[in-house]
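Residue numbers (my numbering), protein chains in the order written: chain X, 1 to 298; chain H, 299 to 655.
Source of the hints: derived by calculation from the structure; they are not laboratory data. Among the hints, a few may not be true.
Claimed, not checked - Result set (DSBU-like, lysine-lysine): computed pairs, CA atoms no more than 35 Å apart in a straight line:
1) Lys547/H to Lys378/H
2) Lys158/X to Lys651/H
3) Lys553/H to Lys158/X
4) Lys179/X to Lys547/H
5) Lys549/H to Lys184/X
6) Lys467/H to Lys184/X
7) Lys157/X to Lys549/H
8) Lys549/H to Lys161/X
9) Lys179/X to Lys157/X
10) Lys158/X to Lys547/H
11) Lys651/H to Lys530/H
The chain contents come next:
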Amino acid sequence: MFGAASARRDSAGADRVEASESGTPPEAVAATPASPSERGAKTIEVRGVNLFYGDFHAVEDVDIRIEPNKVTALIGSSGCGKTTFLRALNRMHELTPGARVEGEITLDGEDMYGPGVDPVRVRRLVGMVFQSPNPFPTMSIYENVAAGLSLNTRRMKKADKDAVVERSLRGAHLWEEVKDRLDKPGSGLSGGQQQRLCIARAIAVEPEVLLMDEPCSALDPVATLAIEDLIAELKSRYTIAIVTHNMQQAARASDVTAFFNLEQSGDPGRLVEVGATETIFTKPTQKATEDYVSGRFG
Amino acid sequence: MAPPERQPPPAPLASAEIGGGVLPGWATYAAIGGAALVAAAVLLATGSFTVALLLVFTVPLACAAIYAWSRAVEGPRRAKDRVMTLAIASAFGLAMIPLISLLYEVIKRGLPGISLEFFTEDARGQIGGGGAAHAIVGTLVITGVAVAISVPIGIMTAIYMTEYGAGKKLRRALTFFVDVMTGIPSIVAGLFAYALFELFFGPGIRLGVMGSVALSVLMIPIVIRSAEEVLKIVPNHLREAAYALGTPKWKTIVKIVLPTAFAGLVTGVMIATARIIGETAPLLITTGVIDTINSNPLDGRMQNLAVYAFSEYRSPGVMKQASYDRAWAAALTLIAIVMILNIVARLVYRRYKTEIR
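Only chain H is shown next, with the shape it has when bound in the complex:
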């Protein structure tokens, strides 16, 4: 009962657009290598060889080479796919260059300035030595107070906008002003805080909390925006489920909406914090420059890492190289703090994220 002998079917799947052949797995690398060799040869021959120029010429050459090769063997559709893949990978590489080189440079120059003294000593009465403990303490206190001001205001505003403001004029006005606030130059925020406190304390006032207020002006719109986005994606059917149980609206928000959005809210706050922790200009005019540890934001000047790096570089004193090293070390410390914040944000997100369908 064997089935009748069948004719081998024609191969419609392998025909037409797809040429039928397949390039070997190393084809793309070969194209890049070949393109690099050709580019290097041409550049050397014309005597204008630099690494940057080599990259600039290699990418389009490699694209052209892989397209021609793939088109001949695999057909036009696969050829386009290969070119786009290569182009996108190159764009990614291009975007990574500044980031990598920045990190490399900061680590290379910052490490010599890092020592135990850098984290434990302040700079009072030090000639050519001392540390940045006052700046680290100042950064943490100023930023902490700024977060304490911004988070309640920001999240409550976002709650108003998503839960209560639908279709109201106030909500549209808020959206507009939040957008405008996002674009405020940081120096303007600093001047605002300065002008505000000057009204009450007279000219020349410098307080840690002034810096926090200036940073809040920058941070609040970011918190509002991210919190609004996160609250918006809490599905409406969860709110309705709570209402149908006879739950008042405020309790639905507190017990259902906020917990569901918790991971996203925390991530948004962390990112906003990372964004303001490195501000320099507004702090220069609100918290001033000082050499001693001051952990009380309500009493006098306060140092901060970004301002510290700036002033170490601007007025290095007698031992110039040591000052420059400390400035870079301060930059490295700041980057490390931001990195830690981001890692914590990711961990929190992973731990508390809710599956939202």
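Same shape as in the complex, but just chain X:
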């Protein structure tokens, strides 16, 4: 299922000369329209990926397949590279100065890091929700949700935009709470509402994949539950990967769980085990996984 060792590449596009191995011309990524009709079937496949910050080797040799219409949870102790790995999946990792990616990450067979692939285009297909809610402070609730549309592209008719905003806010279970104050600043909402606003903002651009980096770590249990319900609903339309520190959350909300670990501080993080969530939490094959999920360490 997982590819063997593949050619290592530098993430900096200019240095890359090798052709994409997938056989698809890399321009195909740029040409793929993000139309809602053909959505929901994008698979991310990761082969032999190593991640670096300058000289620091952060994540070592990860092979994983992130399936469509399923929630994949990435668990593991702090500093083991879960977030770094997640950020490599939509080319956010390379925004950190000195950060590099080696190995191959494909989105439905198309190499994300292929030559000529525009990272901006990748991020349009692979959306992200961050650890702490970060609505744009200069914008109203409405503008926040519409931000992806108005920042990106085409002029839209007001009515179309209204429709997208309403659909996204309903999709994020926020519509009923904010429909009367769409023109108020997004920063006036509570933490949980802000996080749902960020999810609405992310799904308004109709991505294929949704990455979530500890989306509930700043929220209380009630707001967390609301987000988890939302995730369960969103997976029918998106491929979802979620980083979490909360093992109950991984057990509740995910279909597949991947356990990351590092031997000791300073070593690169590794993917220890990946499998169906039930298996990982009941009959893991690795000792480290069992220790971690049973709470014996980490």
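Fit chain H to the given chain X structure using the hints.
Showing chain H alone in chain X's frame:
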């Protein structure tokens, strides 16, 4: 079911460092008053009484008095607190003295020169009369053009430094040269502008825009510095949020970073403007001195309030007092303009500031 009678607890909170007693609310004022009386008595007795000396002796005396009193009643920690409070308040008062006396003096001497004529007339062919309209127009035009030159250059440089230049040599070089430029004496900026225009127009050239160029040399580093600071505090997670939506970098800067920093940018520009609007030396050699209204910066000499005040004082003409009055009135007008700029900056800041977490 009443709880058992409890022993009154010992009072650990009131013991030790805090003496337990509390001085009355008027204690500090009493100490200052007493110190002032003692100082006045001593100075009068020695026959060397002046207000300045009275202040100089009162502050340390009051500090000593309040320390001794508070230490005896409240303990050493509160005593130190009282002394520091008094010392800091005195330092603030000391810093305010020059400012207040300057404002007082300028208003006192400037008001007699203020009249309708001062704002509407220029000084052409006037003997002992006339106004400063040409200088006011000149100040606004020269400064306006300087701002128009400096703001785009300054803000774009700051954008390069914060958004694109991380870790690059060019950015470090820029930081260094901006620091150096901040320290350029204003007369050097004037000579630079003069030398530059002399290359093209020959010796003796005087233009309003030359003054603007000289002022830009002074203003650009201030704008860069303030804009850089403001852009730096725009949190990175906002940029990342925009990137994650598939927004190109330039659009993230234009639509997210700049609007978030808007209030701070405007404030920085206003402060830089206030800083250059009163420059005299560079304008003396670039825009020259003239008596008529000239609102075209590309055509001939231009007057300016600071230079106007300077020349009214240096060559007062027949009616000396009227000239001196006008010089002070020009100074007062300049201060008023700066004050208005600062107030506008504050209003803009209050209206547009974004809560940044």
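Let me make sure I understand: some of the numbered hints might not hold for this structure. Which ones are they, in numerical order? 1 and 6
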